[in-house]
Structures are given as C-alpha cells and as structure tokens.
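Undergrad: Chain residues, written in single-letter form:
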Amino acid sequence: MAEISIRNVAKQFGDFTALHSVDLTVADQEFMVLLGASGCGKTTLLRIIAGLETPSRGEVWIGGKRVDHLPPRQRGIAMVFQNYAVFPHLTVFENIAFGLRMQKLPRAEVDRRVTRTAELMHIGQLLKRYSGQLSGGQRQRVAVARALAMEPDVILMDEPLSNLDALLRLEMRAELKGVLAESKTTTIYVTHDQVEAMSLADRIAVMDKGRIVQAERPIEVYRNPAARFVGSFIGNPPMNFLPAKKGANGSWRVAGVTFEGPRAEREEIAFAIRPEDLSPSEGGLPAEVRVVEPLGPHVLVTCDVEGHLFRAVLDSDIVLSRGDTVKLAPTPDRIRWFDPETEKSLQHHQ
Amino acid sequence: MAEISIRNVAKQFGDFTALHSVDLTVADQEFMVLLGASGCGKTTLLRIIAGLETPSRGEVWIGGKRVDHLPPRQRGIAMVFQNYAVFPHLTVFENIAFGLRMQKLPRAEVDRRVTRTAELMHIGQLLKRYSGQLSGGQRQRVAVARALAMEPDVILMDEPLSNLDALLRLEMRAELKGVLAESKTTTIYVTHDQVEAMSLADRIAVMDKGRIVQAERPIEVYRNPAARFVGSFIGNPPMNFLPAKKGANGSWRVAGVTFEGPRAEREEIAFAIRPEDLSPSEGGLPAEVRVVEPLGPHVLVTCDVEGHLFRAVLDSDIVLSRGDTVKLAPTPDRIRWFDPETEKSLQHHQ
Amino acid sequence: MTAVTARETAVTSADIRKRGRLVFVATIIILCAWVLAPIYLLAINALSSPEQVNAFPKSFVPGFETDSIAFFMGFAGVARALFNSVLVAGITMALSIGLGAPAGYALSRFDFRGKDAFRIMVLMTRAFPLPLLALPLAVMFIRTGLDDTALGLALVHTTLALPFAVLITFSLFAGIPVELEEAAWTLGCTRLQAFYKVVLPLVLPGIAASAVFAFVISWNEVFAAAVLTIENRTLTAFLLQNINVSPMHLKFAGGAVLVVPALIFIFAVRKYLFAMWGIANR
Amino acid sequence: ATGGSAQADILFWSTQAAPVEETQAMRGQVLSGFEEAVDYQATDDRGPWLTRIEAELQAGSGTIGLLGALHGEFVSLSDDLVDLSDIELGDVTVNATFQQLGMLGTGEQKYLPWMQATYIMAANRQALDYLPEGADINALTYDELIEWARVLAEETGGPKFGFPAGPQGLKHRFFQGYLYPSYTDSAVTEFRSPEAEEAWNKFKELWQYTSPSSTSYGFMQEPLLTEEVWVAWDHTARLADAFNQRPDDFVAFPAPAGPTGRGFMPVIAGVAIPRTAPDTEAAKALAAYMLKPETQVATLRATNFFPVVEVDLPDDMPASVRLSGQAIARMANADDANPSLLPVGLGEYNGKFNQVFVDAFERIVLAGQDVRQVLDEQGETLRSVMQDSGAPCWAPDEPSEGACPVE
Amino acid sequence: MQQRTLPYLLLLPATLFLCVFFIYPFLLVAWQAVSQDGALTLDHFRTMAGHWKFPTAFWNTMLLALAVVPVQLALALFMATLVTRMGKGRDVILYIWTIPLGISDLAAGIIWLAIFEQTGFLNSMLSGLGVVEQPVAWLGYQNKGTIFLAVVLAEIWRATAIVLVILVAGMGLIPKEYYEAAEVFGASPWKRFTRITLPLLRPSIQTALILRTILAFEVFAVVIALAGTNFPVLMGETYHWQFNLQDRHVAAAYALVILAISIAFTLVFLRTLRVPREAQP
Ligand SMILES: Nc1ncnc2c1ncn2[C@@H]1O[C@H](COP(=O)(O)OP(=O)(O)OP(=O)(O)O)[C@@H](O)[C@H]1O
Ligand SMILES: Nc1ncnc2c1ncn2[C@@H]1O[C@H](COP(=O)(O)OP(=O)(O)OP(=O)(O)O)[C@@H](O)[C@H]1O
Ligand SMILES: [Mg+2]
Ligand SMILES: [Mg+2]
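Protein chains in written order, with this note's numbering: chain A, 5 to 354; chain B, 5 to 354; chain C, 1353 to 1634; chain D, 85 to 491; chain E, 583 to 863.
By construction, these hints were calculated from the structure, which means they are not laboratory data.
There may be inaccurate statements among the hints.
Stated by the list, open to error - Below are the PhoX-like pairs computed for lysine-lysine, each with C-alpha atoms no more than 20 Å apart in a straight line:
#1 E/K670 to C/K1370
#2 C/K1549 to A/K132
#3 D/K288 to E/K670
#4 E/K758 to E/K670
#5 C/K1623 to E/K670
#6 B/K108 to E/K726
Input sequences plus hints: build the corresponding full structure.
TA: Here is the structure:
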C-alpha cells in the first residue's frame, strides 16, 4: 500500500511562491502523470514528496503515514532527477547498484537486478563506463535504471525520457509501464510529452502556476478540460478558443456562426474546439489560411478567424495555401465552453 | 556565407568508434536537423564542428575555411549544450550577455540583445536569478537565449527544447525558426522530436551508429526512407516491416496477401508501410489486436501479423479490443520495399 | 573571407600553437627548476664533507660523502623517533580529517547562525602563536597524563592542522553539486552514508590535501614536540630542534634526513591530491 | 642511554651542549659512565626548555631530574630549585667563586657549577701579516684591534673582522663583560657615562671594518672556516670547530684591553634539580657525578667547556682545548685583567637586562642613532630593570646597598 | 527535520576539540595580556607599543605579507592553470611543484641561507661567472633591501605549494562544460580564466588566501635564519619577549596583535570572496 496524498502543500522560495496549496492523491499502484508548463512547479512538487525540499505548509502522506518529517531514505521512494544526477565517480554498474548496496542485498541479487534493469534500458553494454563517457540519453537511462533497480513502493520520475529519441522512447515507455505495473509501484511521472502522458497515465494531473487544475483520466482531461488552461495546454496543437456572444434563446454566436451552448449569466463566454475536431464544410467558421505545415499524414493549418489565431489539423489530401479562405466546421459534440473570468469549464461535471 | 562542410570525419574514444567517416554539407542559411538514436554520435558531431573535440580523422570547413585548427571562439559559432552549461555564478542576464561581453559590444547593445532574446524565450522576468533558482526548462531556455543573443553565423543546438512543455515548445520552435531565418543563420539542430524535426528542418540528416544514413528534405525522409533504419526510426510509431516472399510475375506475398513490388534478385525482401497508411478493409493484412492505446484523436493499435509486431494508427471511432482480428489494408502508393541484407531501400532514387 | 586568408590564418595559428607549446614547456621547466634548485643545493650539502660545505666558492656537484647523513642515521633512537613521528602524524591526520571534514561539510551545505563565528574560531587557532599556548597545554597534559604520549602531541598538532582541514574541505565541498547527494538520499543513504559514498570520493583531492597538510605540519612541528615529548620524541624534535646551532654540514644533513620522509609521503598520496573524476561531463 | 629507554632514566634537561655532535658526545662519552641510565636532552632554544620546566613546576609533577643551564638561565627559576648543599662531593674542590654564584644570592645552593667557558679572540694565521706595527697579539688594545681590522678591510678587499651579532650570537656578553669593563670599569652604574659613550664610538669604528654578515652570525667557527672572516671574538665553545678542524691555521688570543683594563667574563653552566624531580636522590647522585674530575675532563672533550673543579688535564686534549686554554690563561693572568662576574639577583629580569645592551647595540650601531640619546633612553630602561629586580651591583661595579644604581 | 540542528552536530566535535585544546589555553594566555597580578591593565600593550622595535616589527610583518601573499596567489594560480592544461607527465610535474610542502620552515631557512650567505651558492655562482669579484654580503645589515628580497624569495619558494595544492584541487572540481561553453561563446584563454576559473574557484581562493595570510603574519623561522635580528617581525618579537625577556604579559600582547590583524584580514576575505548561496553549483 503506497498511496500518496499531498494535502494543502505550499512552497515559497523567498518571495516567489512556487506552489500554492496543492492537493493531490495518487492511489496505490496508480500511474499519475504530472503535466504543466515549464516552471509551474512540477519538480518542486516531486522534491517535496521525496523529502528533498521542505514544504512551507501542508502535509505529505505516503502509504497512510505522514512523512513530512522523515528523511528521503525512509519514505520508500526512488526518484529520477530531471538532470540525472548520475554519480560521476562510479561506473554505470555501480550507479545502478548504488541503492541496492545501501539495502545490503546479496551480491548475486545486486548483479541480477542491475543486469536486468540495464538490459531493460538498453545500456547493458555500457556497464563499465563512467558517466563522463556516456551520451546525454545514455546518462538519462542510467538514472532511470538506478531508480527502477530499487523496486521501490513509489517512484518519482522527472522527465525521465526527455533526452531519448522517439523510437527508444516508445520502447522505454512500454517497458516502464510494464515493469511498474508488474512491481505494483505507485508512480508520479513528469513529462512534457503529451503522447507519453496519454499513453502512460492512469490519471493526468495538470499543473498551472503552482496549482493543480485537473487530475483525471487522460481522455477526460483531453476531451473535457476543466479549465481553459488545460485545453490550451493539452493537445498538440492546442485547443482553439474564440469569443462567443450571447444570442437568442440561449444560443451563442461565434465568428458569425450560431451554436447551441450552455446557459450562462454572462454576455460573453469562450467557445473552444480542438484542431482535429474541425473539417472543411460549408457553414463552418470562416478562416483565412496563414500557414500550412505538413505533419506527416496530416497538415496543420494555422488560420485567422476574426482576428483570432485558429488552428486545424486536416487530412493532408486537402490542398490549401496561404491566403485561401476555408470554412471549418466543428464536430458538434466536441465543442466546449469556458467562463472567461474564472476560466473554468461551463459544463464540466465537477 | 557560412556553409558547413564535414569531410570524412571520424572520432574514436579509445576503442570505441563514435563516428565513422561522416560527410555532411550544410548550406549557408540552411536549417539542418540531426536525428538519430540515443548514443549515435550527434553530440559528438556537434562538438567536433564547434571545435570542442578533435576529430580522429577528417576535416571541418566553415564558410569555405578549414577550421580544424581554430579554437572554438574563432569559428563564428554559438552552441546550445545538451546539458545547458548555464554558468552557476552568473545571473540569467549575465549568462545571456556572456558572449556579447566577450565581443566587447557596447553596453546598450548588450542590454538590448539580452532583453530581446530573453523575451523571446519567455524568461524576461528571470533575468536577476541564478541558474540554481531556475527550473529545468527555464535553464534550458537560458542556454538557448545565450546562443541566440550572439547572432552567430552558425548555431549548433543540441536538443534545445527537450525540457519544455509542448505548448511552449511549439511557440519556441516557431520563434526560433523565425529568428534564425531572419538573421540568416546556418543551423544544425539536434532533436529527438520528430514533429519538431519535420516542421523546422530544411533538411533532416539521420544518423545511425556514427554514420549519416540519409540527409534530405523532411518529407523525403519520411516518405522515402533511404534505409530500413530511417523508416523504423522516423515516424511515431515507426514504419512496419514484414517479410515478403517472391511470388509469381514479380509480385510479392506478404502475410498471405499479394502486392506488386520491385524487381529484385532475392527470394525474400522486406515490405514496409507506415501505421497511418493503413485502414481497416477487407483484403488487408490479417492482424490480431494486442494493445489499443488512445492517442487523442486516434487510436494506436498494436497487433500481431503472422508473428510480427505491426502497428496501425486508426481513427478513434473504430472500436477494437484485444484479441480482435482486423484486416488492415495499406495505401498502395505508400508501400516501400527494402533489401533485407543491405537494408537499403529498393526503389530509392539515390 | 577569402580562401587565401583562410589558409594564412590556418598556418599562422598552427605556428602560434607550436610557439605557444614551446613557451608552455619552457615555463614548466623553469618552474620545476625554481623548485628543485634549492632542494638540489640541500642535497649537495648533505652529501658533502664538512670541508666541502665550508669551501668557497662552493662546488655545484655533491662530493658524495655520506658521513654527515650517516652521523644522523647512526643516532641511537632514530628508528624509534621515526616511528613516533609517523605515529603522531598519522593520528594528527586522522583526527584533523575526522573532525575537520564534517565541519567543512556543515559550512558548505548549511546557512546557520554562528557560521562565521565558527570559522573565525578555527582560524584563531592558526593565527595565535603556538609557543605561547604550549605552556598551559603542557601543564594540562602533565596533569592528565597525556604528556609524553603520541596522542597528546597529536592533539596539539591537530589544533594546528584542523583549520586547514576545515577550510580546504569546505571550499571543495562547496563545489560538489548538492543534487548528487540528494540522489544518494533517495537511494537509501543517510546523510552520513551519502557523505561517505558520494561526497567524500568526489572531494578526494581535498581530503588528500588536508591529509598532506596535517602530515607535514605534524612532521615538521618542533616546538610542541620538544616540550611535550621526552621519551617519545618525534624525529623532528630529536634531530631538528638543535639544528640551528649545529655545524653547517650537520644542519644540511639533518635537514635532508627530515625532508625525505615527508617527500615520500607526498609522493605516496600525490595521485589522490589531483584525482579528478570529471565532475564535468566530459 | 639516549632517546628512549627504560622509564627510570634520569632526564637531564639542558640548554648546553645542544649542537648535535656535542649532545652525542655527552650521551656517549660523558653520561654513559654513570651507574644509572641518563636521558640527556639538550636544546639551544630557550623556548621549549623553559616551557617544559615551567609546565612541570606549574603542574606540580614532572619528569625532569636534572637541569643543565647557564647561570643566567637559572636565575628566574631560583624559587623552584632544590637546595644542593648537602651533596657529598668527596675530595672534589669546586671553584669557590662559582659555587658562591650558584647560590643566586640566597642562602641555598641553587645550582652546582658544572662547567665554565669564556670568550676569546681567534684569528686566521693569514691575518697576522696585517697586524699593526708593534702590536702584541697577546696584549692587544681596542685601538690596535680597530687598526688591524681597518688594515685587513682595506688590504684584503673586504672586512675580515667578525662579530657574532646574529640572533643566536652572544653579542650582549661582549658589551657587558668586555667593552664596558674595559672602558668604564662597570657594566651598570656607568652605563651612560661619557666613557661609555666613547666605548660605543670605538665599537662603531670597529664595526666599520666588521663583516656586514656579522648580523647573521651565531657561531664564529663557520665564518672562520669559510674564511669569510679572519679575526673574530666568540665563546670558546663556538670557536672550537675551527681550531679542531684546522689547528694549524688558527691562533687563539686574549680579548683586547681598554683604558680600564682587559675586561673579560666567564661563562658558568650549572646543574640544578627542580622541586618536581621524580627522584631527587638519583638526581643528586648524577649532579655529583658531573663534578667528578674524570667527568669534567670528558665534558671538556665533549663540549669545549672547561672544568670548574681542580683537575689535571691530560695531554691528549683536542686542539681547541689546547689553543683556547692558552689564550684564557693569558687573558686571566694579564696584568691589566679586569674580570667581570655574571649578573646576580636579576631573577626573571635577566633577559631584559641583556636586552638593554642588545638594543643599545642595534640602535647605535645598526640603526645609527645618536649615541648619547640612545644611552640616556636605554639607561632609563636599565634603571627600571635594576629597580624592579632589586639586584645589587656585582663586579666590576662597586657593591651597592639595594638595587644597583645607574648613574 | 534535523536540518536545523545538523550543522551544529557536525561542528560539535571540532568545536569541543578546539575549546579544550585551543580556547582554554588561549584564554589563559590572553588574560595575561590584559592583566597584572589579577587586575585588568593595558600596561602590557603600552609596553609593547612603546618598545622601539614594535613599529618596525609590525610594518615589516605587514610588508612581508603584502609582498609574499599576492605573488604566491598569482604564481599558484598560474601554476595551477598550467597543470590543468598538462597531458602526460602532469603527475610528475605536480609532484615536483609540491615538494616544498614537505619542507619545514626551519629547513627552508637553512637552505636559503646556504644560498644567500656570503660564501653561499649565489656568490659562488656569481664569482664563478666573474660577475662579482668579492662575495657580496647579501644578508648584511646594511642591505635591508636584499634581506627583504631574500626572505620574500624564500617564503615564496617554501609556501606557494600550499596555495597550489588548494587551488589545483579546487580547479579539478570545476566542470569542464563551463570552460567549453565559455570557449564557444568567444572567451579567450585569459577571459576564461577571469570569467570562469576565478569566480568558480572563489571558495578555494578564499581558503588559500586566508590560510596563507595568517601564516604570513606568523612568519618566523625563515626570517630568523636569513635576516637574524635585522628584520624584526611580530612573531619573532613575541618569541623574544616570551623566552628571552621572560615577560609573558607583553608576549601575550604581541600574540593578540598578531591574532587581531589575522582576524581582520580574514574577515575582509570572508566578505569580499563570499559566494552567494544561490550562485553555488
Ligand atoms: N568519453 C567517451 N568515452 C567513450 N565513449 C564515449 C565518450 N563520449 C561519448 N561516448 C560514446 O559515444 C557515443 C556517441 O555519443 P554522443 O554523445 O555523440 O551521442 P548522442 O548522439 O548525442 O546521444 P544522445 O542523444 O543520447 O545525447 C555514445 O555511444 C557514447 O557512449
Ligand atoms: N531556489 C529557488 N529560488 C527561487 N525560485 C525557484 C527556486 N527553485 C525553483 N524556483 C522557481 O520555482 C518555479 C518552479 O520550479 P520547478 O523546478 O518546480 O519547475 P518545473 O515545473 O519542474 O519546470 P520545468 O518543466 O521547466 O522543469 C520556477 O518558476 C522556478 O523558477
Ligand atoms: Mg522541472
Ligand atoms: Mg547527445
């Protein structure tokens, strides 16, 4: 049982508030992905959970035990650091074995675990090298292997695959997921790769400026962003937003097109649609094409809708070029609405 | 004029050969993206160009001048290091200003350039901080800003955006492209993000185990991989490969289905198709579904075709689950063939 | 830039490199000579007969007379004094590192009240003339039975060596990224274990430097040794304390006899002094 | 017995015979004859010697059995020394003057005289060629010495007179026991007299022809051997090496004479027992042993210090003994001999007393300050030293009631 | 957690040790400087300051420190930089350069005296080369300049190795990547030295400077050997008052003066070479 529960945690660095009152519960064996903009406090949160940073306020519970006052080693965690922190004076083997030796595991067991995790991370042939003789990606994999070899109750990973190529990453991701599920490890995983987030996460927690804005299943986060930030942050390219003016009978007018929408007291709310939920169709939103970028099987079309930036991912068969005007119709059940002031979703179930 | 030309460069680290005879020419003002597996020698190549590493063999020319014996500072380059190398004893401002001060630029110009590049990188509000007070992504942006502020002839970037979230990255990527184009900088850019590679590159150079395998326009590299490695490396998920047996009349049999194919002396060659060039259709390749992963608008279906791993990216409307059998038909003009021994493409124009 | 100038620059820069290399090597040789010349003169004198030592102009090659050296080596009790010296220096080394390294670590890793006060206190021990302290210390040692023991003398020498140990380890600990330690903590280390397993190996040069200083300080210290040891004289107290009033040839021989073991010690630890793990990635 | 042997060794803590060869000789040739093992530890450096004994005295227990030191070094320890008057010396006759000095102005025998020496002149035979017309080397005057030094300096290309003015040099003894008595027939009372002024001016004159390296000389034997210096004044023990190494190249002769005679001063070393000595009886036995004639002769060989008891010197003494012995005899037996005693009763002010002379030297001769003014100022210092210590006058000053006055 | 008490715990052993073996005897000695027969007095300081040698000794000491320490620092930095650029043979060269470390100040004094004395090696060489006819009395009392120079040379020779070792060890901890970055951004070797090495080496420089300065204020044996009483220094005077003049009070006053100037300089170095916490790696 290694449920992690963060209660009302805040962290100040001098004047700067890196975390405002964060509440988050990660269930036992859950794989939680932490997503958020650069500098929003992800690393800080992980470090607080690990016990490397003292929260200015709040409590951290792991496995039903309050751990605020425990040193890192007594929290049953392992961590992959954002910049690896591979020990320069030890070989790859000794780096991976480091934690195991601390636990005084028998030599054979250490060998076994090191070899296994190293193979898993495809660094089996580098075991004799020092970190100065490794490439960036190799070093990162050593850091991951070192944490995995521990077989901890909780593993915290701070962008563990950021320096790997897509192929390797895909593989690693699958292996990680498998290994962690097998060992019943509770995981918090920071990544900025949304595909990774989507495919790995049991739940995704989205952070914004030191706050957790939404923590739900990936598809929920993607389809039903709880706040405008989530919509604009998740999805690549991100969700499009357009202002909607109140029309007759609870309908809303967006760029001259009328949509059914939520009841709201406001005169103006925000209309939102994901780029891939658009298709060229009469009666759609009038868009002037600015840039067309090929993305392999699709094209990313960046347009201007009544002065607002608007992106659409369309099938690459459609031929468009700069200056064309195209009508883009949103898939109706994918339209979302946001309050322009609180920036919260207007139909979100929470 | 800052054409980069690398001629027959090799690099040994003791017994280990990190680069085997690399030849590469990057035209003046070209934006060259370097792609390759972790540990394939990308960083080593950049370091050789920068003059931080002496090649064991070969020549490096920049702007028509042989630079092998010039120290880095005389090569007219700037570099973003994979691990940032942000000076810990200087503030962000002074870090960015470092190169400018070395050039003895007037104070006003230094201020101007620092402020501009810092704004560009969204770190304008962090100028007074030290690197120890920055998050990983912020530090990385300082490293990029420091290089950009130099306005060099040649800029070398080693995974400069790897630690940024998708949104910021998208923005940075666009800004970078704009700034570098404007300043007519020749760029070599290492990334493992293929979308980034595709959208930024004038040309993509794909490296494999210390060799450059293909260096062509992105769409060429994507559509017509020169070697099996390129196909399997580029594209996320990568290309699928299946063995093809010679059939009658120069046709080839793949998993029981017959395809037109190239003339080849061999009895068996490799059939290749990208996952997104498949659609469920009668007469397609028989595939047994193993894993279904949602990827936002699509689903990634991992299947088994005659014992071979086979992936398809399908519309998310299609409901599939583990154990189902589905027939996946390849789009005919997207099928590629490879020689199983040389691993070279069988119809590549080179 | 045209190709012609390019080639020229290439040539000249290669030239500059070659010349730079020459200057570099020459500088190193000059510096070595600067260090070695006086040692050589010591060796000449130590290996010459009294007449040669007192001759003028002096010869710049030794006479290879080992009488003076032999005189010292023939002293009864030299072996025991040597043993005492090594013992005292060893204890001093262990104590000063054992006490100094934790303090250096605390200074480098924490901000706390009294930090500067502590540093000043440590330095005061070095800044206050030992001969004045010797009397109260000797009284204390005689009363407690520490007098005339290797440990007692080592305690005094530790006071002298401790500031080096504290400050040197402090300045080097300050250069080790905290993150490495943090990684060790998350991997199950206590602070102490992380210190021993990660920080210490990385500051090996600093530790070695402190060790060398402790050793050399203890080895060469005469005053306290002369006051605090009687039976258990150290080699220095045994040989060196009267060297000033001995005839020239014996001065040099005595000097040489004392210098050699210290040099052997430094030689033995030299590779730790400059052990570099390449904290830098490459 | 040396460096380290059994616990029961008697520790002989000495400031004499510190040069390593002498220490060796003391251990091997002098003390080995004693029935018990003796650990002879000598240091020329006053610091450790004094610190150790003071520490033992303060702590109230100690390891030092016997102290060996100069007269001046005992004075500050006077209160802590055991009375030695009950030592049975048998048929040994000790020099009475010295024995008297050993009482340090108290009623007890604070130390027993152990050995004696004095300061004489030495010259390289080459220098004799430059001796002024009519000068007798065995009856030189200061004026003749100055003249000699001048001629040497001018004709050999550089100053050839040497004087031990270095930090280990015994220069103060020259002023106290040689220069002052020779010019003022006093060391304290006439400190700032016009005669003293003249004496200093003479010395300044001599200094002009003195090797400038003198300020770093401790022992004159080395500069004599290297022939940096041809003529020198020093302690007999500090000239011995020169005489022994090249007996045929050097001559020894008495110190020069001035208007009030041929001032000279003995050096007395004694042995004493601190009250903290672990075994006083054993120490006393050792002290008695030190005074045996055979021991005294052995000591002479080892240290070049002369016996303080009546002995018959054998014929095979080293060259230095022969040479300096003759010179001392000539000096002591000269018609104009004017012997001075060592200061008595100064106690802890001994050092400051010496310092007055050293300072005067450094200021007048080295720093070139005005003689009159320096004498006046140093005279004040001397007066307060004398007053604070309360020491009465000693020869050649007239005996005084209470503290010796400075006129 | 123990975050707050831990530093104190770590300092505790050293502190206890120093309290017993330094602070206690130190207080006893310091008390002597300010007391006479149990009563507070400044007389001893007056005696000290009034002694004609005090100003000379004071300024000589200062002058010596000012002449020696900066040269040593510069030389050591220079040597350390050379070391970092060396390839093969570095071990040997470094060893040679650290040899003086093992030589006590007494021995160093003897060695340099053998060079500078009138019949020493310097004169032997000069007269051998025919540069001088008569041996020059380098250390003669009139040649204050050459005495000073000799002392400075001997001190530089003897004690630069300490600084060197501290600096080389410190330089070894500076990650190479910073030099590489600086190089790419146009820093010449000199600029790299001033912009990267010096600032990142600040803790080590601070340590070296403090230790060297303190030791320089205590210089004694070498000076005595070479200059005798011609070049009075504070430490020599302290010794002299303590053992020759046997006035412990004044000696203690001298010691306190040495202590005071050492602390003053230390404070200056602590302030000026401080590395802000956030700028640490
Ligand atoms: N000093 C060294 N000694 C031995 N091998 C080295 C050394 N430096 C690098 N290598 C090896 O050289 C190869 C190329 O390294 P390089 O850093 O260029 O890889 P990379 O392509 O940048 O990889 P990544 O994407 O992981 O950063 C790697 O396999 C690495 O292990
Ligand atoms: N020591 C510090 N002093 C002041 N501010 C700090 C300090 N450490 C971190 N910060 C700030 O706190 C914020 C959160 O930092 P954190 O490292 O948690 O970000 P992050 O979410 O991990 O970002 P990234 O994705 O870029 O790594 C950042 O804005 C950073 O600038
Ligand atoms: Mg982070
Ligand atoms: Mg790399």
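Undergrad: Each hint should be assessed against the structure and marked as holding or not.
TA: Here is what the structure says about each hint:
For the hint linking E/K670 to C/K1370, the alpha-carbon distance of about 17 Å falls within 20 Å, and the restraint holds. With a C-alpha separation of about 19 Å, the suggested pair C/K1549 and A/K132 falls inside the 20 Å cut-off, and the hint holds. Distance hint between D/K288 and E/K670 is unfulfilled; the C-alpha atoms sit about 61 Å from each other, more than 20 Å. Distance restraint check for E/K758 and E/K670: the Cα-Cα separation of roughly 18 Å lies within the 20 Å cut-off, and the hinted pair is therefore satisfied.
Restraint check for C/K1623 and E/K670: the C-alpha separation of about 13 Å stays at or below 20 Å, so the hint holds. Our distance criterion of 20 Å between C-alpha atoms is broken by B/K108 and E/K726, whose separation comes to about 46 Å.
Hint compliance for this structure: hints 3 and 6 are broken, all remaining hints hold.
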